[in-house]
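Participant: In the order they appear, the protein sequences are chains A and B. Just so it is clear: in the first sequence, position 184 is 184 by our numbering, and no numbers are missing. Count along the second sequence from 1, then add 1000; that gives the number in our numbering.
What the hints contain is simulated information worked out from the structure, not anything from laboratory work. Please note that a few of the clues may not be correct.
Cross-link-like lysine-lysine pairs, in silico, BS3-like; alpha carbons within 30 Å at most [claimed, not checked]:
1) A:K265 - A:K348
2) B:K1210 - A:K348
3) A:K156 - B:K1400
4) A:K272 - B:K1119
5) A:K348 - A:K156
6) A:K265 - A:K35
7) B:K1119 - A:K35
8) B:K1119 - B:K1210
9) A:K265 - B:K1119
10) A:K348 - A:K272
Here are some chain B residues the structure puts well away from chain A; computed CB gaps all over 12 Å [said to hold, decoys possible]:
11) L1010
12) L1039
13) K1044
14) L1207
15) R1216
16) K1220
17) P1288
18) Q1304
19) A1308
20) Y1323
21) V1340
22) P1366
23) I1370
24) Y1389
Here are some, though not all, of the chain A residues that point toward chain B, as calculated from beta-carbon distances under 10 Å [said to hold, decoys possible]:
25) M85
26) A315
27) H317
All C-beta atoms, glycine included, are put in the ideal place defined by N, C-alpha and C.
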Amino acid sequence: MATLWFVIIAIMLTVYVALDGFDLGAGVIYLIVAKTRDERRMVLRSIGPVWDGNEVWLVAAAGTLYFAFPQLYASSFSGFYLPLMMVLWLLMLRAIGIEFRGHIDNLVWQNFFDVVFSVSSALLTIFFGAALGNVVRGVPLDHEGYFFEPLWTNFKLGPHPGILDWYTILIGVLALVTLTVHGALYVALKTENDLSRRARDIAVMLWPVQLLLTCLSLIGTYFVRPHVMRNYGVHPVGALVPIVVVGSLAVMAWANRKEQATEQKQRDSKDKLAFLGSTLYITGMLVGVAFALYPLVLPSSTEPGYSLTINNSAAGHHGLVVGLIWWIVATVLALGYFLFVYRLFRGKVRLEGEGY
Amino acid sequence: MDSALLIHRLHFAFTITFHYLFPQLTMGLAPLIVVLKTLALRRKDGIYNQAARFWARIFGINFVLGVVTGVPMEFQFGTNWSHFSRFAGGVIGQTLAMEGMFAFFLESAFLGLFLFGEKRLTPRAHWWSAVAVFLGSWLSGYFIIATDAWMQYPVGYERAADGSIQLSSFWKLVLNPWAGWQYAHNMSGAAITGAFVMASIGAFYLLWGKYEEYGRIFVKVGVVAGCLFSILQVFPTGDQQGQMVFRHQPPTLAAMEGLFTEQPGAPIVLIGQPNVDEGRIDNPVVIPGALGFLTYRRWGARMQGLDAFPPEFRPQNITLLYYSYHIMVGLGTIFIAIMVLSALLLWRGKLFQARWMLWILLLSLPFPYIANTAGWLTAELGRQPWLVYGLMLTADGYSKTVSVGNGMFTLLGFMGMYTVLGILFLFLVCREIERGPAGEAVGH
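Put together the whole structure using the sequences plus the hints.
Facilitator: This is the structure:
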C-alpha cells in the first residue's frame, strides 16, 4: 500500500510538472517571444483556459501527500519553510499577473503585470528544481524526523547544507531550462506565424543547453548521492529511464530540425511530436528520481538511520485503502473534465471573440 | 503563551481570516448566478444573461483572490503546524485531499468555460458550466467543514502505536454529525453574504438612477435569498450548532454566553462587557432565564458556569470569544430585520421607491463579512485550548523547528502582500460596479 501511494504521488507530481510546467515556461519566454501587444495576448490565451486547472495538481498532490505520508508532509513542509513560503508568494504573483492584466486597457497596468507574470514564472521553475535537488541530496533530519534548513550556508555540501548549494542550484537551472523549452514548444504548437516560429527557435536554441545540463545533473547526482545507482543495478527495468530520457531528447531534436518550407499540417504534427518529446523527457527524469529514491522519501544528510522512508512516514492502513477508492473515482472525474476543456480549446489560439 | 505558539497562531488566523473573505462571496454568489442563468433560459430575456455576465466579472476577480489566498492554507498545515499534521494527518489529510481532488478540479475546469466560453457553448451548456462551478464551490466547502468538524468533534479514528491518530472509519469522518449542521450554518452564512452584496449593489444602482432595470433584478434576487437564508441561519442551523457546542463543548458555551458561575434561570446576555478578572458581566442587559431555553429547552433552567470546569480546559481568550459570538448573533438578528422588512416592502410593490430601505441595503454590504468572520472566530477560539478537541492541545501542535524569527518574517510578508491584493481587489471590483452591467466583457 505504501509503495502504491509512493507511485501515485510521484505520478501526481509528474503530471503537475508536465502541465503547469508549460504555463511556467510560457511565462519565462513571454517577454522575449511576443513582440506586439496582440502577440502577448495570444501567449496568454494559449494557457488561459487551462493554467488554473493545471495548478490544482500541485494542491491535490500536496493534499494526497498529507494523508498518505503525514510525517513526510509535516517534516518537509516545516523544514523547507522559507522557500515554500516564497513559492506560495510567487504562485500568487503568477496568478494575478495572468488574471488582473486584462482588466484594464492601459499600457502601464499591463506592462507591470506582464513583468510580474514572467519573473514569477521563471523564479518558480528554479525553486521547484532546487526543491527536488534538496530531496535527492538529503536534508539534516533529526531523530524525531524533523529538520530546518536555512536558505544557504556556504553553498557546499556536507551534513548541514542550506536549501541552496551548488548541486541544488544546478538542478534549479536544469528545471528552468527544461520548463522553458517545454513552454516554448507549447506556445509554438498553439500559435501561428512569427510568434510560433520564434517560440520554436527558443526551444531549438536551448536544446544543447538542456542536453549539457542533463549530463551535468547526472554526474552531480552521482557525486552527491552515490546510492542513487543502487536501484538501477538491482532492478534492470530501470534501464527504461535513460532510454526514455535520451529518446525524448532525440525526438525533440528531430522534430525541430531545420527544413525548407513545410506545410502547416506537417509543421503542426512536428510541433505536437516535439511537445510530446518534452513531456516524455520530464516524465522520464522525474520517474528516474522516484525510482532512484525508493523506498526513501526524504534522505537524511546527517544520519542515514534518520531518513524518512515509505514505511516510517506512511499513514495507517485503513486510511490508505479507503483513500485509494475515492482517489480513483476523483481522478477519473478529473481526467474527464480535463479532456473536455482541452478538447474545447484545441487548435490555434484566436484573438477575436471573448477572452481566452 | 510562548512567542512561537503565538506567532504560528497569528500566522494561521490572519491568513485564513483574509482568505475566507473571498470564498464566502464565491459560494454565496454561485447559486444566485445559477438563478440568473435559469431565468435567462426560462424567460428568454437577454437582460438576465447580461446580469449574469456582470456578476460573472465580479465573481471572476473574487475567485482569483480566493485561489491565491487559499493555496497557502493547504501548505500551512505543514509549514506552521507540523506537529499537528503528523499527529492527525492520517485523518484530516483525507478531507483536505478530497477537497483538492473533487472540488478544485471541478471548479477550475469549468470556471474558465463559464467566464469566457459563453460563445463556444450552447446556452444550456453554459448554464451547466455555471452549475458545475456552483457545485464545485459548495463541495469544497463541505470538505473544509468536515476537516474543522473533526477537529471540533473527533470521530472515526484510532490511536496508532506511535501515538498518532489514524483513520478507522471513512464514513464516520465524512458524515460527522457535527459537520452536517456546521456545513448548513456556514453555507447559509455564505449565502447571506452573496444575497446582501447583490441587493446592496442593486440598491446602489436604484439610488444612483442608472441601470435601474438591473438594480431591480439584483434587489429582488438578493432580498428573496437574503430573507430565506438569514432566517435559516438562526433556525434551525444556528440553533443546532449551538446545541452541539452545548452538549460537547460546555466550557465553550459558558464562555460564549459570558456565564461565569452557575446560575438558576441563567440569562442570555444581550449586551455587556465581560470582566474576566472579577467573573461577571459589566452593565448587562439580559433576558432572564432564556439561556436554559436555548440549551435544555426549558425556560429558567440551571446552567453550569465557566468555574465548573478546570481552568486548563477553558478557552483562554474568553473576552474575544464572547464578543465574536455576540457580534455574530447581533448582526444575524439585524439581518433578519432588514431582509424581512425589505421582503414585505417588495411584496407590497413599494421597495424600489422606499429610498430609506435602499440606503439600508446599500450600507449593509460589509456586515455579512463581519458576521461570517465573527462566526469563525467563535468556532476557533471556542475550541481552545484544544487543537483537536480532547486529543491535542493547540500548544502542542505548532512547528517546533520554525523559529519566531522565520514565522514573523513570513507573517509580515503575507500581511504586506494581502494589503496590496486587497487594494487591487477593491479597485477592480469598484470599477466593474461603476461600469455597470451594460459594459463589455473583459478579455485577455
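Participant: Taking the hints in turn, state whether each one holds.
Facilitator: Taking the hints in turn, this is what the structure says about them:
1. Taking the CA atoms of K265 of chain A and K348 of chain A, the gap is about 12 Å. The hint holds against a cut of 30 Å.
2. Restraint check: the Cα-Cα separation between K1210 of chain B and K348 of chain A comes to about 41 Å, which exceeds 30 Å; the hinted pair is violated.
3. Of the pairs offered as hints, the one joining K156 of chain A and K1400 of chain B holds, with about 26 Å between alpha carbons and a cut-off of 30 Å not exceeded.
4. Taken as a hint, the K272 of chain A and K1119 of chain B pair is honoured in the structure, with Cα atoms around 27 Å apart against an allowance of 30 Å.
5. Between K348 of chain A and K156 of chain A the CA atoms are separated by roughly 47 Å; this puts the pair beyond 30 Å, and the hint is violated.
6. A threshold of 30 Å between alpha carbons decides the hint, and for K265 of chain A with K35 of chain A the separation of about 25 Å falls inside it, so the pair holds.
7. With a CA separation close to 28 Å, the supplied pair K1119 of chain B and K35 of chain A stays within the 30 Å bound.
8. For the hint pairing K1119 of chain B with K1210 of chain B, the CA-to-CA distance comes to about 28 Å; that is within 30 Å, so the pair holds.
9. Annotation: proposed proximity of K265 of chain A to K1119 of chain B holds, straight-line Cα distance about 27 Å (limit 30 Å).
10. This hinted pair checks out: K348 of chain A and K272 of chain A have alpha carbons roughly 12 Å apart, not beyond 30 Å.
11. Look at L1010 of chain B: its CB is around 15 Å from the nearest CB on chain A, clear of 12 Å, so calling it non-interface holds up.
12. Every CB of chain A is more than 12 Å from the CB of L1039 of chain B (nearest about 22 Å), matching its label as outside the interface.
13. With a cut of 12 Å on Cβ distances, K1044 of chain B stays outside the contact zone with chain A, its closest approach being about 22 Å.
14. Even its closest Cβ contact with chain A, about 26 Å, leaves L1207 of chain B beyond 12 Å, as expected for a residue assigned away from the interface.
15. Every C-beta of chain A lies more than 12 Å from that of R1216 of chain B, the closest at about 27 Å, which supports listing it as non-interface.
16. Its beta-carbon lying about 28 Å from the closest one in chain A, K1220 of chain B satisfies the requirement of being farther than 12 Å from that chain.
17. Even its closest Cβ contact with chain A, about 49 Å, leaves P1288 of chain B beyond 12 Å, as expected for a residue assigned away from the interface.
18. With a minimum CB-CB distance of about 37 Å to chain A, Q1304 of chain B clears the 12 Å threshold, and the non-interface call stands.
19. Chain A leaves A1308 of chain B outside its interface by the beta-carbon criterion, the shortest separation being 36 Å against a cut-off of 12 Å.
20. Under the 12 Å C-beta cut-off, the non-interface status given to Y1323 of chain B relative to chain A holds; the minimum distance is some 31 Å.
21. The beta carbon of V1340 of chain B is kept farther than 12 Å from every beta carbon of chain A, the shortest such distance being approximately 37 Å.
22. Consistency note on P1366 of chain B: stated as away from chain A, and its beta-carbon is indeed over 12 Å from all of that chain's, at 23 Å minimum.
23. With a closest Cβ-Cβ approach of about 25 Å to chain A, I1370 of chain B is found to remain outside the 12 Å limit, as its non-interface label requires.
24. Chain A leaves Y1389 of chain B outside its interface by the beta-carbon criterion, the shortest separation being 19 Å against a cut-off of 12 Å.
25. For M85 of chain A, the interface hint holds, the least distance from its beta-carbon to any beta-carbon of chain B being 5 Å, beneath 10 Å.
26. The closest approach between the C-beta of A315 of chain A and any C-beta of chain B is roughly 4 Å, which is under the 10 Å cut-off, so the hint is satisfied.
27. Among the interface hints, the one on H317 of chain A holds; its C-beta lies about 8 Å from the nearest C-beta in chain B, closer than the 10 Å criterion.
The structure shown violates the earlier hints numbered 2 and 5.
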